[in-house]
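Input sequences plus hints: build the corresponding full structure.
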Amino acid sequence: MQVTKQAEALLDLPQGVLTGELLMEVRGRRQVILEGACDLIEYDESCVRLRAEGREVRLSGHRLAIETLSVGGASVSGQLLSIEFL
Amino acid sequence: MRWWHRWRADVEFRCEGGLCERFLSLLKQEGVALWDVRLGDGCVTAVCRASEYRKVRLPARRTGTRVHVIRRLGAGFRLWAIGRRPGLIAGAISAVAVYVILASCIWIIDIQTEDPRIRAAVERELASCGIARGVPASEADLAAVRMRVIAGVEELHQMSVYLEGCAARVDIRWQEEGAPRPDSTPSNVIASCDGQILSMRVTDGQAMVKAGDAVVAGDLLVCGAVETEHGVLLSRASATVTARTTRCFEAAASRTETVETDGRVYIQPSVRLFWWSVPCYSPSAFTERFSERQERSDWRWLDTPMPIGVEQTVYTERCQRTVSLSDEQVKAVARARLAAQAAAVLGTASVEESTLEERWEGDRYILRGQYTCIEDIAVQTPLLSDFE
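Sequences listed follow chains A and B, in order.
Sequential numbering of the first sequence, starting at 1, is according to our numbering.
Sequential numbering of the second sequence, starting at 1, is according to our numbering.
Derived DEER-like restraints, expressed as beta-carbon distance ranges:
hint, chain 1, residue 1, chain 2, residue 2, range
1, A, V3, B, W80, 48 to 58 Å
2, B, I82, A, E8, 50 to 60 Å
3, A, F85, B, P86, 57 to 67 Å
4, A, S82, B, E12, 26 to 36 Å
5, B, R78, A, F85, 40 to 50 Å
Just so you have them, the derived chain B footprint on chain A, three or more residues with Cβ under 8 Å:
hint, stretch
6, 30-41
7, 60-68
In short, the hints are calculated from the structure, not lab data.
The C-beta atom is built at its ideal place from N, Cα and C for all residues, glycine as well.
As C-alpha cells, this is what we get:
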C-alpha cells in the first residue's frame, strides 16, 4: 500500500487511482456514481446505504433509485439531499 | 430501457421477501450486473442479462428471497422463439433460395415489337447467342448479342438489350417499309414539291440551283455526281433546302356520318409460369371485326420481375354507327379533318399564311385550305446516272 501511494506521488496521479480506493462522482444533486467494490445494505426511496472499502456511505434524498449495481460499482439517481460517511 | 438492451436477451425480475438488499449484494458478488433496480410494492425489480440469470438461484436461496421473472426483453428472445419453429426458418431459407435462383437466371425475354415475324427472327438470333430462358444472366455478353442480332436480322435498324432482374428486355427499331436505309448509296437530292428556294445548305454533292430559283416537284436540287480532276465522283448528296411552298388540302364532311366505335370487349387471360402459359378461357374464334391487343403484367418481388405473371388478349369489337350531325358539327368535323391532313403532310414546316374556302354540295360540306409554308423540300433519291 505504501509503495502504491509513493508511486502515485511520484507519477503525480490523483490519490487512490492505484490503491483502488472508493471513487465517487457526484453529478449535481441528481446522480452519484461509485466506482469500486460496494455492497448494498439498505435500499428505499429516501435512503441508500452502501458499504465500500470497509466504510459505510449513506445517501439520503427523495425518489432514490439504483440505476446500476455491478462488481465495478453502483450508480444512484434521484434528488439527493446528503452524502454521509459513517 | 436503453436501446442497446433491445438487441440482446435481458430478463426483468422481481424479488420479494427475505433480505432483498443482501440478495442484490450477493448477486453483484457473483458477477451479475444489475440495472434499473426499482422499488415496487413491497418488492424490488431489476434487470439482468439472460445468460446471468441462472446465477440468481443460489443467492435467492441463501437470503430467502423469492424471485419471479416479469418480462423477457430483447431480440435474443424473439430469435429464440423463431428458432423453435423450424418450418418458419425453412420457409424463409426456401424463399431466399428461390429468389436468388429466379433473379440470377433469365426467365423472361421481352421483345418490344408487335410484329410476330420480327419477334421470331430476333428470338432465333438471341437463342443462337445463348440468350434463352433458364440461362444464367451472368453468362450473357449483351454487347456481342446486340451486334450479332443486328447483323442477323435484316429489318432491324437499331436494338438494345438489357437485363432487369430475370427479364431480358429487348428494345428494337426496325426499318419502316419503304423508308430509305441509312447507307452510303450514291443519291441525288430532288424537290419534294413546287416552291421558291429561300436558302440552301449543302453538306454533300454539287448544288444545281440557288436561292431565289423557282422549282417544281422532282427538280434536281443537289447532284450526287461531282466532277473532279480525277473524273466523276459519286457521292450521297445531302442538303437542307428551305423553300416557300404553297399547299392545298381539302376535307369534307356530311350531315350523316359513319363513325367507328368500340363494342363488346372479350378478355382471354392466361397465367404465365416461366415459359408455360396456362390459358384460363375457353377458345373461341374472333372475326376481323375485332381488334386484338396484348396486355401483360409481371409479378414483382423486391422490385425485381419474377417469371410469374398474367397475360391477356383483349378483343374489342369495332362497330360502325351512322350519326346525324348539325351544320355546326359538320363544319367542326371538316375543320378537324383538314387540320389533321395538314399536320400529317406539313410536319415541322412553318405556316406563313393560310386561307380557307368553304362550300356546300348538297349534304356535303367541303373545306379547302391553302397554306403558304416555309419548309425543307430536299428529299434523297437513288442516283440514276449513266456514269455507272
